[in-house]
Amino acid sequence: MLMPHPATLRKLVEEYEALVARRAETGAAKPDQRTQDLEYTLCVSTGTRDVRSALDRARRHLAAAQEPGPVVWMPLRSATATATPTTATAATLADVAEPRDAGEAVA
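The sequence shown begins at 1 in full-length UniProt numbering and counts up by one.
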């Protein structure tokens, strides 16, 4: 399942939580349209059907995104790295050592 970028997901969760807190302070019985939109977006973004599950999954995803993953080292390959010693020519080896201008003739 695709998950939104952690920064986007974090923004959705923070905005939703702020609106819910504001609703609790004012004593509003029914969520406003923006809160309902955020509930829907969180559910769709996390592949859930209710906002509690969506928030739980979003928080787990955000926590995992903050943990550093393993560092994978992959060597970079140069243009001549694939050439075998039998196919490399003096001209290609010279290109690696000193690149020529586009108009310069190959000797």
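Just so you know, not all the hints are guaranteed correct.
As the list claims (entries may be wrong) - Calculated pairs, EDC-like style, for lysine to aspartate or glutamate (alpha carbon to alpha carbon, straight line, at most 16 Å): (1) Lys11 x Asp37; (2) Lys11 x Asp56; (3) Lys30 x Asp56.
Said to hold, decoys possible - What follows is a list of derived Cβ distance ranges for each label pair: (4) Gln66 x Asp32: 29 to 35 Å; (5) Gln33 x Arg77: 34 to 40 Å; (6) Ala24 x Leu76: 28 to 34 Å; (7) Asp32 x Pro6: 53 to 59 Å.
Just so you know, these hints were derived from the structure itself, not from any lab.
Ideal placement from N, C-alpha and C gives every residue a C-beta, glycine not left out.
Hints, verified against the model:
Taking the CA atoms of lysine 11 and aspartate 37, the gap is near 14 Å; set against the 16 Å cutoff, the hint holds. Simply put, lysine 11 and aspartate 56 have alpha-carbon atoms about 15 Å apart, close enough for the 16 Å limit, and the pair holds. With a C-alpha separation of about 22 Å, the suggested pairing of lysine 30 with aspartate 56 is violated against the 16 Å cut-off. One distance hint, 29 to 35 Å for the beta-carbon pair glutamine 66 and aspartate 32, holds here, with the actual separation near 30 Å.
Checked against the given bound of 34 to 40 Å, the beta carbons of glutamine 33 and arginine 77, roughly 54 Å apart, lie outside it. The hint said 28 to 34 Å for the Cβ distance between alanine 24 and leucine 76, and at roughly 54 Å that hint is violated. Distance hint check for aspartate 32 and proline 6: the Cβ-Cβ separation is about 26 Å, which falls outside the suggested range of 53 to 59 Å.
Violated hints, listed in ascending order, are 3, 5, 6 and 7; each of the other numbered hints is respected by the structure.
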